[in-house]
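These protein sequence lines map, in sequence, to chains A and B. Residue 195 in the numbering used here sits at position 167 of the first sequence, and the numbers go up by one each step. Residue 96 in the numbering used here sits at position 68 of the second sequence, and the numbers go up by one each step.
Any given hint might turn out to be false.
All copies of an identical chain are treated as equivalent in the list; a pair is satisfied when it fits inside any one copy or across any two copies.
[Stated by the list, open to error] Pairs of lysine to aspartate or glutamate residues, derived as EDC-like cross-links and limited to a Cα-Cα distance of at most 16 Å, are as follows:
| no. | residue 1 | residue 2 |
| --- | --- | --- |
| 1 | K46 | E130 |
| 2 | K232 | D103 |
| 3 | K76 | D128 |
| 4 | K46 | E201 |
| 5 | K76 | E33 |
| 6 | K76 | D125 |
| 7 | K46 | E58 |
| 8 | K232 | D108 |
| 9 | K76 | E37 |
| 10 | K232 | E101 |
| 11 | K46 | D108 |
| 12 | K232 | D125 |
If you're looking for bench data, these hints aren't it; they were derived computationally from the structure.
Protein chains: 2
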Amino acid sequence: MRMAELSRESGVSVATIKYYQREGLLPPGELTSPNQARYGAAHIRRLKLVRALVEIGGLSVAAVREVLARIDESDASTHDVLGVVQQGLPGVRVDVDAADREWARSLIDTIAAERGWRLPPGSPVVESLIGVLCAFREIGHEWVLDALSCYAESADRVAAADIDAVARLGSTEAVVEGAVIGTVLGDALLATLRRVAHAEASRKRLGD
Amino acid sequence: MRMAELSRESGVSVATIKYYQREGLLPPGELTSPNQARYGAAHIRRLKLVRALVEIGGLSVAAVREVLARIDESDASTHDVLGVVQQGLPGVRVDVDAADREWARSLIDTIAAERGWRLPPGSPVVESLIGVLCAFREIGHEWVLDALSCYAESADRVAAADIDAVARLGSTEAVVEGAVIGTVLGDALLATLRRVAHAEASRKRLGD
Numbered sequence: 029m030r031m032a033e034l035s036r037e038s039g040v041s042v043a044t045i046k047y048y049q050r051e052g053l054l055p056p057g058e059l060t061s062p063n064q065a066r067y068g069a070a071h072i073r074r075l076k077l078v079r080a081l082v083e084i085g086g087l088s089v090a091a092v093r094e095v096l097a098r099i100d101e102s103d104a105s106t107h108d109v110l111g112v113v114q115q116g117l118p119g120v121r122v123d124v125d126a127a128d129r130e131w132a133r134s135l136i137d138t139i140a141a142e143r144g145w146r147l148p149p150g151s152p153v154v155e156s157l158i159g160v161l162c163a164f165r166e167i168g169h170e171w172v173l174d175a176l177s178c179y180a181e182s183a184d185r186v187a188a189a190d191i192d193a194v195a196r197l198g199s200t201e202a203v204v205e206g207a208v209i210g211t212v213l214g215d216a217l218l219a220t221l222r223r224v225a226h227a228e229a230s231r232k233r234l235g236d
Numbered sequence: 029m030r031m032a033e034l035s036r037e038s039g040v041s042v043a044t045i046k047y048y049q050r051e052g053l054l055p056p057g058e059l060t061s062p063n064q065a066r067y068g069a070a071h072i073r074r075l076k077l078v079r080a081l082v083e084i085g086g087l088s089v090a091a092v093r094e095v096l097a098r099i100d101e102s103d104a105s106t107h108d109v110l111g112v113v114q115q116g117l118p119g120v121r122v123d124v125d126a127a128d129r130e131w132a133r134s135l136i137d138t139i140a141a142e143r144g145w146r147l148p149p150g151s152p153v154v155e156s157l158i159g160v161l162c163a164f165r166e167i168g169h170e171w172v173l174d175a176l177s178c179y180a181e182s183a184d185r186v187a188a189a190d191i192d193a194v195a196r197l198g199s200t201e202a203v204v205e206g207a208v209i210g211t212v213l214g215d216a217l218l219a220t221l222r223r224v225a226h227a228e229a230s231r232k233r234l235g236d
């Protein structure tokens, strides 16, 4: 297909497709004349993935390039690729002092022991977790700790269901696209369901 | 205490305190001279609550005024007040066509039946849920439905733990402040724990 059709099929504008090509996120088409190229199904799949990473996942162009390079390495496992995707997702960045960090770190160690989590030190998600826990502490709302084990257990259940569901999608590209969408839209889904559940729990526990 | 001390104690600037007073979110102090007023512990509590509602919850001034009015009605239950708070929290607003709405509505009915949820029709959280489900559908990622029951069950567990924890905070003002902070920062906590759990589930399920 020609560029115009690639744009129609993928829902990505011609200008954006050309930008992705200049940035090395989309391989060139097969040249059929000095000014015309032909594109195939692989280009559509790649374009949809790039769009999900950039527009839904909020990854930088450099992070997308790294994810794609890993997908294209034949010996990278899907787990390796998902790890690179996760590193690129925007996280919580909060400055915390040494005492607060120590406090959060020891809570996280307790939860990790309960859940059998390995938690590579210095990983961005662990840094995000330290930031969120310290935000509760800073405004004097440590009561959340009463619910922390329940949060971690629920996160484990949801994450296992997520990985099971995306693993069924087949190709590494489809799994990666599903993981990005599932991570970002899944946050919104879980947050919204939690609000519904709050209303129900409040009625049962505090209503008349 | 004087205005300057109220500002120091509450961490809210004098200009913001005066703005809250003009908007009717903070009662006037007791006049000790035509130009000086005295404030007490009730002002500090109210100021902290207003700040949590505005800065963390993202409620409009009109929504905060309605929450405060409900708190000050002696016969409103904590459940009633939490309902008003929840209505004021920003939600997901997505335009969905009739067919997608029908599809989302029937999924939600199934989940509500599984969970024993009542779901008042037209409530903002149900509208948000319709919007999020349709967002998955629109980009062709209905696989999330495989995990939906698990998401809803986890939301119920977390919400019950949240309501138990904030109910212990005592006064309606403290419970409401806790609910706002728990809703908003709790979203960030759950999302971050889910990312940690994703890495662990990916390692167990897809790693080598």
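Comparing the hints with the structure gives:
With identical chains, the CA atoms of K46 and E130 are never at most 16 Å apart, being 48 Å at best within one copy and 38 Å at best between copies. Taking the shortest Cα distances, K232 and D103 never come within 16 Å of each other, neither inside one copy (53 Å) nor across copies (18 Å). With identical chains, the CA atoms of K76 and D128 are never at most 16 Å apart, being 42 Å at best within one copy and 22 Å at best between copies. Taking identical chains as interchangeable, the C-alpha atoms of K46 and E201 are never at most 16 Å apart, the minima being 21 Å within one chain and 55 Å between chains.
For the identical chains of this complex, K76 and E33 are intra-copy neighbours only, at 14 Å inside a copy versus 57 Å across copies, given an alpha-carbon limit of 16 Å. Within a single copy, K76 and D125 get their C-alpha atoms no closer than 41 Å, and across copies no closer than 23 Å, so neither meets the 16 Å cut-off. Taking the shortest alpha-carbon separations for K46 and E58, only the intra-copy value of 15 Å comes in at or below 16 Å, while the best inter-copy value is 67 Å. For the homomeric pair K232 and D108, the shortest alpha-carbon distance between copies (12 Å) is at most 16 Å, but the shortest distance inside one copy (44 Å) is not.
In this assembly of identical chains, K76 and E37 lie within 16 Å of each other by CA distance solely inside one copy; the values are 10 Å within and 52 Å between copies. With identical chains, the CA atoms of K232 and E101 are never at most 16 Å apart, being 53 Å at best within one copy and 21 Å at best between copies. Taking the closest pair of Cα atoms, K46 and D108 never come within 16 Å of each other, the shortest separation being 29 Å inside a single copy and 54 Å across copies. With identical chains, the CA atoms of K232 and D125 are never at most 16 Å apart, being 40 Å at best within one copy and 34 Å at best between copies.
Checked against the numbered hints listed earlier, the structure breaks hints 1, 2, 3, 4, 6, 10, 11, 12; every other hint is satisfied.
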